[in-house]
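Asker: The residues making up each chain are set out below.
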Amino acid sequence: MTEGRSIELDLEPLPDALADPALVKQIWQCLLSNAIKFTRSAAAPRIRVWSSTEDGVTIWSIADNGSGFDPAKTDALFGAFVRPRQKPQGVGLSIAWRAVTQMNGWLWCESTPGQGATFHFTLGSQE
Amino acid sequence: MSAELLQLNFTAEDEVTASAVMHSSVGVAISSLAGSLQYANSVFLRFFDADPEHYVGADVRRMTGGCLHEDLLAACARDDAPRQIYVPLNTPDGPRMLLCTLKRVLHGSIPMYVSLIVYDITEVAAEIRERVQVFRRMLGEQGMQGVWNWTMPISAEHLGGNPMTWMSATENLFGTRPVPKTFDDFLRWMMPSCRARVVETLEHAIRTRQPYSIEYQLMASDGSVRHMRSCGHCIEATPTSRPRLVAVEVELDERHRSRTRERHDTLVDHLEIPVAFIDRRLRYRYFNPEYVSLASRTWGTVPQLDQSILSSSTDPARIRPFAGALQRALEGRLSVVESTVPGEREEICEWTDLHLTPIRDETNAIKGAIVVGIDVTRIKHAELRRQHLKAELEQRLERRAANIDAAHLDLCNRVAAMCDELASELAHVKALVETHRTDERSQRAREALARIEPQLQGLARVAAASLGVPKRRPIDMTRLVKSL
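Chains as they are written, first to last, in this note's numbering: chain A, 1 to 127; chain B, 1 to 484.
There's no promise every hint is true.
Pairs of lysine-lysine residues, derived as BS3-like cross-links and limited to a Cα-Cα distance of at most 27 Å, are as follows [as the list claims (entries may be wrong)]:
1) A:Lys-73 x A:Lys-37
2) B:Lys-430 x A:Lys-37
3) A:Lys-73 x B:Lys-390
4) B:Lys-482 x B:Lys-471
5) B:Lys-482 x B:Lys-390
6) B:Lys-482 x A:Lys-37
7) B:Lys-390 x B:Lys-380
Sample of chain B residues lacking proximity to chain A, with all beta carbon distances greater than 10 Å (derived) [claimed, not checked]:
8) Met-97
9) His-158
10) Asp-184
11) Met-191
12) Val-199
13) Met-219
14) Ser-221
15) Asp-222
16) Val-225
17) Arg-244
18) Leu-252
19) Ala-450
20) Lys-471
Stretches of chain B that chain A covers, calculated by requiring three or more beta carbons in the stretch to come under 8 Å of a beta carbon on chain A [unchecked claim]:
21) 403 to 411
22) 472 to 484
Treat the hints as calculated values from the structure; they're not laboratory data.
Just so it is clear, CB atoms sit at the ideal spot from N, CA and C, and this is done for glycine as well.
Could you build all of it, start to finish, from the sequences and the hints given here?
Answerer: See below:
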């Protein structure tokens, strides 16, 4: 998955969740794949994974120090074949978004071009 | 032997035979009677001589003990009223009993003769004596069964003033208070609300000579109220004699309780459910055969009456849960306690459900508990088998679901990879088309791409939708992310 590159993974201890294992695995796979893909240009690629709780809802987050994207294109980010970044974009985020929404969760992101991107998601009532 | 009993059996003279009649001598008549008693029941004779001494021989005096002689003299000498005397007679065939009626017959004021009617009442007297014994025994038994009887000659105009004669065991009914001497006394034992009804019923029975039956309530000396039934009728020995009310009092409560107890014992003894009664000291007061069987199979010991369950040879560790539940029931903390006692026999594990219900007395104090046991071994075994099968089935389902999930995930990944690949190719083609924008073929290619792109987007949606309906299982997130 890392394409033979050395990427620093900062994985904080995560709480257990109650959800569909296949869908959750797909979400993480898509988001990690996306993060790895867009840290190609980084001198010291780093991915951080953590969780937090707001109003009793667990928020799962993944951040990278890659190229980031234009926040203006965030709305179109999760459609298939949208290219918010410089390189061609596949259906990964689209699948992740659909998996999250299938579990009544939310998937959103924030980014500053050139400084990486951060994706957050919740699992809704499935947690 | 009382005169009353004899009166009942000797009311007519039809049975008088003449085997000894017309003998001129009383002595001869008696002697003849003694010899012919086996053939005749009675003799009738007259004698005319005023001096009966002449007719009574020494042998007769010897046989009768002299009593007939004395009475005969008295009958001849003094009054004209009939005299009845019982004469024991020693005969060669054994002792006999005679009933003699003596009467001096006058012609005007002149004594003409003395008539003597002799009845042999030996067999009858024996039968009466036997019946009296049976009657007295029955009186005692009926008193024990809650049945009493009384008789009341109706002489007074006012019913309540008539004297009552109660059977000897009546104190069982009335307790320590004196037995009522008159009907008014008897009425005072009754509940006031019943008195008028009882009087009216009895007066109607006396008036119509019809049997009566009525229920009423009696206040016993201990303060308890007893439900009674009175059945009786008015009888007259002769048309000229005074009527007499004869009645039987039946205690319905006692009979009802007795029947209930009998039915209960019979029912419990034949119950197929194990039942036992235990008092406050945890001693068995009763158990049926099924309970013995259950106890022996559960604890390996046979219960004994009046023995505490804790003093039996049962292992204390095994009997303690049962004793604890029983103690709670006896303390009234729970009205019904259910306790499952697992047996530990070598060949089979026995399970018993015990239902404990406290028994309360009249003051609501707990005096014991009813233990009803149900052997639930087969049910427990079936439940254990069901749980085992359920666990096995769940494991198999989980394995199959994991396989399906893995296949599903693999399929999704492959579809996603294909989509990625297609997207890359598409982007490449688009770039080429943009590079050669003026080329006619590029124009056609652009048009073709415009047609294909929505289809590719639909393919991506299908890929996402193929993820299916989410399931809900616990996930170790840290481990999951590390595995990726």
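Asker: Taking the hints in turn, state whether each one holds.
Answerer: Now for the hints, and whether the structure bears them out:
The hinted pair formed by Lys-73 (chain A) and Lys-37 (chain A) meets the criterion: a straight-line CA distance of about 18 Å does not exceed 27 Å. Distance check on the hinted pair: Lys-430 (chain B) and Lys-37 (chain A) sit about 21 Å apart at the alpha-carbon level, within 27 Å; holds. Under the criterion of a C-alpha separation no larger than 27 Å, the hint pairing Lys-73 (chain A) with Lys-390 (chain B) is inconsistent with the structure, at around 52 Å. Distance restraint check for Lys-482 (chain B) and Lys-471 (chain B): the Cα-Cα separation of roughly 22 Å lies within the 27 Å cut-off, and the hinted pair is therefore satisfied.
Pair hint Lys-482 (chain B) plus Lys-390 (chain B) does not hold up; C-alpha atoms about 33 Å apart against a cutoff of 27 Å. Between Lys-482 (chain B) and Lys-37 (chain A) the alpha-carbon distance is near 18 Å, which keeps this suggested pair within the 27 Å criterion. Distance restraint check for Lys-390 (chain B) and Lys-380 (chain B): the Cα-Cα separation of roughly 15 Å lies within the 27 Å cut-off, and the hinted pair is therefore satisfied. Non-interface status of Met-97 (chain B) relative to chain A is upheld: no Cβ of that chain comes within 10 Å, the nearest being about 110 Å off.
Its beta-carbon lying about 94 Å from the closest one in chain A, His-158 (chain B) satisfies the requirement of being farther than 10 Å from that chain. No Cβ of chain A approaches the Cβ of Asp-184 (chain B) within 10 Å, the least distance being about 89 Å, so the stated non-interface status holds. Residue-level check passed: Met-191 (chain B) sits 74 Å from the nearest beta carbon of chain A, beyond 10 Å. At roughly 85 Å from the closest C-beta of chain A, the C-beta of Val-199 (chain B) stays outside 10 Å, upholding its exclusion from the interface.
At the 10 Å boundary, the C-beta of Met-219 (chain B) stays outside the reach of chain A, the nearest C-beta of that chain being 75 Å off. Distance check for Ser-221 (chain B) against chain A: the nearest CB is about 78 Å away, which clears 10 Å, and the non-interface claim stands. A cut-off of 10 Å between C-beta atoms confirms that Asp-222 (chain B) is not in contact with chain A; the least separation is 72 Å. No beta-carbon of chain A is positioned within 10 Å of the beta-carbon of Val-225 (chain B); the least distance is around 70 Å.
The claim that Arg-244 (chain B) lies off the interface holds: its Cβ sits roughly 96 Å from the closest Cβ of chain A, which is beyond the 10 Å cut-off. Interface exclusion of Leu-252 (chain B) from chain A stands, the closest Cβ pair being 71 Å apart, more than 10 Å. Even its closest Cβ contact with chain A, about 13 Å, leaves Ala-450 (chain B) beyond 10 Å, as expected for a residue assigned away from the interface. Distance check for Lys-471 (chain B) against chain A: the nearest CB is about 5 Å away, which does not clear 10 Å, and the non-interface claim fails.
With a threshold of 8 Å between beta carbons, the proposed coverage of the region 403 to 411 of chain B by chain A holds, since 3 of its residues qualify and at least three are required. Coverage of a stretch by a chain is defined here by at least three residues with a beta carbon nearer than 8 Å to that chain's beta carbons; for the region 472 to 484 of chain B and chain A the count is 11, and the condition holds.
The structure is inconsistent with the numbered hints 3, 5, 20, although it conforms to all the rest.
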